[in-house]
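Number of protein chains: 2
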Amino acid sequence: MPAPAVLESPVLARLRAVLGDRVDTSPAALEAARADRSGHASDGPPLAVVHATSTADVQQTLRIAHDTGTPVVVRGAGTGLAGAANAGPGELVLSMLRMRRVLEIRPDDLLAVVEPGILNGELDRVLAEHGLWWPPDPASKDISTVGGNIATGAGGLLCAKYGVVRDAVLGVDLVLADGRLLHLGRRAVKGVTGLDLTSLVIGSEGRLGVVVGATLKLRRIVPGTPCTIAATFPDARSAARGSAAVTAGGAQPAIMELMDARSLAAVHALLELAPPAAGLAQLTIQTDGPNAAAEAEQITTVLRGAGGTVTVTDDAAEGERLLRIRRSMHPAMASLGTTLIEDVSVPRSALPDMFDEIARIERAYDIVIPTVAHAGDGNLHPNFISDSAEIPDVIWRAADELFRAAIRLGGTLTGEHGIGTLKSRWLAEELGEDQWELQRDIVRVFDPAGILNPGKVFAARPEGSDA
Amino acid sequence: MPAPAVLESPVLARLRAVLGDRVDTSPAALEAARADRSGHASDGPPLAVVHATSTADVQQTLRIAHDTGTPVVVRGAGTGLAGAANAGPGELVLSMLRMRRVLEIRPDDLLAVVEPGILNGELDRVLAEHGLWWPPDPASKDISTVGGNIATGAGGLLCAKYGVVRDAVLGVDLVLADGRLLHLGRRAVKGVTGLDLTSLVIGSEGRLGVVVGATLKLRRIVPGTPCTIAATFPDARSAARGSAAVTAGGAQPAIMELMDARSLAAVHALLELAPPAAGLAQLTIQTDGPNAAAEAEQITTVLRGAGGTVTVTDDAAEGERLLRIRRSMHPAMASLGTTLIEDVSVPRSALPDMFDEIARIERAYDIVIPTVAHAGDGNLHPNFISDSAEIPDVIWRAADELFRAAIRLGGTLTGEHGIGTLKSRWLAEELGEDQWELQRDIVRVFDPAGILNPGKVFAARPEGSDA
Chain H
1 MPAPAVLESP
11 VLARLRAVLG
21 DRVDTSPAAL
31 EAARADRSGH
41 ASDGPPLAVV
51 HATSTADVQQ
61 TLRIAHDTGT
71 PVVVRGAGTG
81 LAGAANAGPG
91 ELVLSMLRMR
101 RVLEIRPDDL
111 LAVVEPGILN
121 GELDRVLAEH
131 GLWWPPDPAS
141 KDISTVGGNI
151 ATGAGGLLCA
161 KYGVVRDAVL
171 GVDLVLADGR
181 LLHLGRRAVK
191 GVTGLDLTSL
201 VIGSEGRLGV
211 VVGATLKLRR
221 IVPGTPCTIA
231 ATFPDARSAA
241 RGSAAVTAGG
251 AQPAIMELMD
261 ARSLAAVHAL
271 LELAPPAAGL
281 AQLTIQTDGP
291 NAAAEAEQIT
301 TVLRGAGGTV
311 TVTDDAAEGE
321 RLLRIRRSMH
331 PAMASLGTTL
341 IEDVSVPRSA
351 LPDMFDEIAR
361 IERAYDIVIP
371 TVAHAGDGNL
381 HPNFISDSAE
391 IPDVIWRAAD
401 ELFRAAIRLG
411 GTLTGEHGIG
421 TLKSRWLAEE
431 LGEDQWELQR
441 DIVRVFDPAG
451 ILNPGKVFAA
461 RPEGSDA
Chain Y
1 MPAPAVLESP
11 VLARLRAVLG
21 DRVDTSPAAL
31 EAARADRSGH
41 ASDGPPLAVV
51 HATSTADVQQ
61 TLRIAHDTGT
71 PVVVRGAGTG
81 LAGAANAGPG
91 ELVLSMLRMR
101 RVLEIRPDDL
111 LAVVEPGILN
121 GELDRVLAEH
131 GLWWPPDPAS
141 KDISTVGGNI
151 ATGAGGLLCA
161 KYGVVRDAVL
171 GVDLVLADGR
181 LLHLGRRAVK
191 GVTGLDLTSL
201 VIGSEGRLGV
211 VVGATLKLRR
221 IVPGTPCTIA
231 ATFPDARSAA
241 RGSAAVTAGG
251 AQPAIMELMD
261 ARSLAAVHAL
271 LELAPPAAGL
281 AQLTIQTDGP
291 NAAAEAEQIT
301 TVLRGAGGTV
311 TVTDDAAEGE
321 RLLRIRRSMH
331 PAMASLGTTL
341 IEDVSVPRSA
351 LPDMFDEIAR
361 IERAYDIVIP
371 TVAHAGDGNL
381 HPNFISDSAE
391 IPDVIWRAAD
401 ELFRAAIRLG
411 GTLTGEHGIG
421 TLKSRWLAEE
431 LGEDQWELQR
441 DIVRVFDPAG
451 ILNPGKVFAA
461 RPEGSDA
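Residue numbers (full-length UniProt numbering), protein chains in the order written: chain H, 1 to 467; chain Y, 1 to 467.
No wet-lab data here; the hints were simulated from the structure. Glycine included, C-beta positions come from ideal geometry on N, C-alpha and C. One thing to keep in mind: the hints can contain errors.
Unchecked claim - To give an idea of the chain H side of the interface with chain Y (calculated C-beta under 10 Å), a few residues:
id, residue
1, H40
2, D43
3, L431
4, V443
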């Protein structure tokens with residue numbers, strides 16, 4: 001009578017022989033690996049989840065996957081918003097969550113070397129003991145991994161002033177699809193030796209290799225007391241003009257967030273605050289550093305000149321209360337229905353026009369699209385709300401118009417969430433067919449057998465392509 | 001009797017038919033294209049210099065070069081220090097110096113769109129009228145082009161605080177080897193759509209394509225009066241420790257330059273200043289922005305604590321006088337003999353050890369290596385001096401030891417000058433053979449026929465490779 005292992009696929013048997021119980025085929029693990037936080041899931045459960053605990057585990061898994069032509073989907077905490085880490089039938093999941101060590105912290109060199117599975121927020125708590133921080137601060141930072149942040153090229157609230165992931169990584173250790181380990185980048189803050197493959201890996205959404213370590217560029221914690229400003233405007237367009245006036249005035253706030261009327265009303269309802277006046281939009285701004293107070297004063301004057309009603313505080317608790325309204329956006333949206341969170345980014349001057357486009361699309365499709373924006377850098381998150389569990393076709397058609405409008409205004413499909421599965425059909429439209437094919441050819445250099453996250457990012461193909 | 005044009009190679013005849021007198025075969029132009037400022041020249045004059053005046057000129061030139069298998073070397077102002085733009089027999093030079101327009105300046109979006117041939121310093125003068133600047137400031141900025149800065153991924157004095165070229169480019173328009181035009185990157189400050197090919201092109205030294213336009217990320221001119229600090233120390237190691245103490249203290253100077261004793265003595269002699277005390281090394285530091293004075297005071301305290309003798313001023317003329325000593329480094333070196341300017345970069349904490357290594361190599365080879373460092377970011381420029389017109393073998397052997405020492409200390413071959421021809425033999429040592437081959441395969445995706453700057457950067461091949 002055959003032993004149970006023989007009933008498994010040969011690839012699982014080989015993995016188990018090497019990795020033992022780090023190969024997980026429990027129904028709960030397989031089911032969890034089907035979806036991220038985009039509201040989208042794969043067609044069915046994957047083959048298995050490998051819980052890697054070391055670079056050697058990753059290499060061995062990939063060698064077996066490569067030998068057997070088994071597709072591999074790398075996952076962190078599964079907080080992505082574009083479906084890039086969703087794994088389906090026949091795919092192997094490589095979970096990095098157990099590789100979460102901080103290997104080195106160097107306050108003198110302002111760098112840290114970490115494994116990819118550490119949570120961004122957890123790293124920040126460790127770094128704070130040294131007076132340091134890693135600036136990327138996606139809204140998901142308490143639940144998302146550094147490796148996931150690197151895979152998506154994550155941004156966040158603070159990035160207009162302090163940069164995105166691409167500005168904060170000196171090097172990565174990358175395991176290629178065939179199991180070979182490369183050390184990309186450097187420990188020195190400056191370097192131009194060869195091609196910048198570190199930047200190429202950042203935001204590559206699991207298509208080029210598996211990040212097993214990262215050398216991060218740190219900052220010292222900013223001294224001084226932050227000032228927080230809340231300003232309301234009669235509508236989103238006026239608020240967008242107010243934020244543009246702040247940028248034009250030369251101030252550089254740490255945070256500058258815009259909430260349109262629908263967003264503000266939804267959050268007020270969720271938090272049981274008095275409802276805002278109809279149409280009212282809000283800017284929430286924070287200045288920091290030794291000039292926080294002077295910058296806040298300058299910004300207040302600019303916002304009043306732009307027609308805003310302004311509140312300003314240097315009290316930490318009151319500042320947190322004002323920011324909480326912005327931070328409650330995701331639960332407020334969830335309370336409205338099924339949400340497709342979009343992520344277009346436009347030149348800052350196009351922000352008012354983009355809000356006009358969103359209003360036009362709402363009317364054209366008879367839907368609501370509450371929208372928040374990282375106004376300091378022109379990155380908008382329009383939330384397409386529907387009342388069915390699956391995202392209905394009308395939402396996809398409206399999103400299609402939104403993407404085209406953003407590109408027309410000089411913008412881009414995705415500011416910080418990535419392409420994943422959800423936006424791959426629009427990728428060639430932004431890149432052009434020649435660039436789309438060139439990028440896909442670069443993927444093939446890293447992964448000639450095409451086993452890493454196949455179908456993601458470069459799934460849709462331009463007309464006439466042989467992809 | 002054949003007409004003179006028939007005596008030319010078919011490729012020149014085809015180029016002239018399309019580009020007329022923009023195809024330059026004057027002996028002076030051909031001779032000038034053989035060398036950059038590295039002190040190194042090619043074996044002989046190239047075929048011709050094409051003075052492109054438009055993207056269409058570049059595309060037509062490349063189509064003809066591609067058809068005929070003619071290698072193409074792209075040149076800006078020829079101020080490179082690694083030989084990347086040196087053109088030799090059989091090669092066609094594509095000069096970008098006549099494409100120097102500023103196409104767009106957007107103060108509201110903090111961006112400019114420029115052609116590649118504009119000089120960095122010229123651009124800054126144009127931007128200053130709008131209260132703006134482009135931060136990259138290589139020492140060559142008055143004579144080097146923005147396109148050349150992009151090709152090398154240039155740095156400069158200000159980059160510890162304000163970033164390098166890679167931090168200051170949103171997108172590039174790139175003509176591929178076969179003449180196709182791609183638009184890489186974006187106008188929005190944030191974006192993660194597809195692979196980051198803009199970063200890949202920055203620092204690629206003419207191997208991936210021809211940059212015909214760039215969308216630059218600007219800053220507003222920093223307000224306030226800068227403060228300048230000069231501090232002398234008994235030796236370079238103490239000065240390096242002083243700079244490390246400044247970084248460790250949390251200050252972020254705009255400029256922090258270290259000159260060792262040989263550099264300082266040479267400059268004093270050139271400028272006819274009183275000779276410094278034997279062994280004396282100097283830090284020259286500038287703080288800027290609204291907190292310049294407070295930061296200068298904090299730094300002064302730190303430097304005195306580290307054993308420095310400190311002068312500080314907020315007078316612009318006096319500040320310029322102090323900085324002039326640093327800025328006179330290149331002519332001072334030229335006055336000593338033939339110079340090979342090197343460019344290693346190490347983690348900041350390794351700066352004192354790197355100075356020890358340089359002293360050791362000086363003794364071992366009986367040579368002098370005056371060294372300056374961008375101490376704020378660990379980037380050293382050791383100047384290997386010799387008295388023969390050609391760089392002698394002993395210098396190359398000493399440089400070889402220097403590179404190995406830098407890599408051993410966690411550093412890199414080149415912080416801001418690039419690999420070019422002069423450092424290609426060490427490239428595989430830093431990257432590892434697997435990464436070296438992967439990078440070269442990426443070059444082949446962009447340029448399968450291998451006509452763009454062949455032999456540069458990836459010239460030396462690892463053992464056993466089929467490059």
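Can we keep the H:L431 interface hint, with Cβ of chain Y closer than 10 Å? This interface hint holds because 5 Å falls under the 10 Å limit.
Per-residue hint verdict: H:V443, partner chain Y, C-beta under 10 Å: 8 Å, holds
Would the hint on H:H40 be counted as holding, given a Cβ-Cβ threshold of 10 Å to chain Y? Hint on H:H40: violated, closest Cβ of chain Y at ~18 Å, above 10 Å.
So, H:D43 near chain Y? Judge it on the closest CB pair being under 10 Å. With Cβ-Cβ at 25 Å, over 10 Å, it is violated.
Of the numbered hints listed earlier, those contradicted by the structure are 1 and 2.
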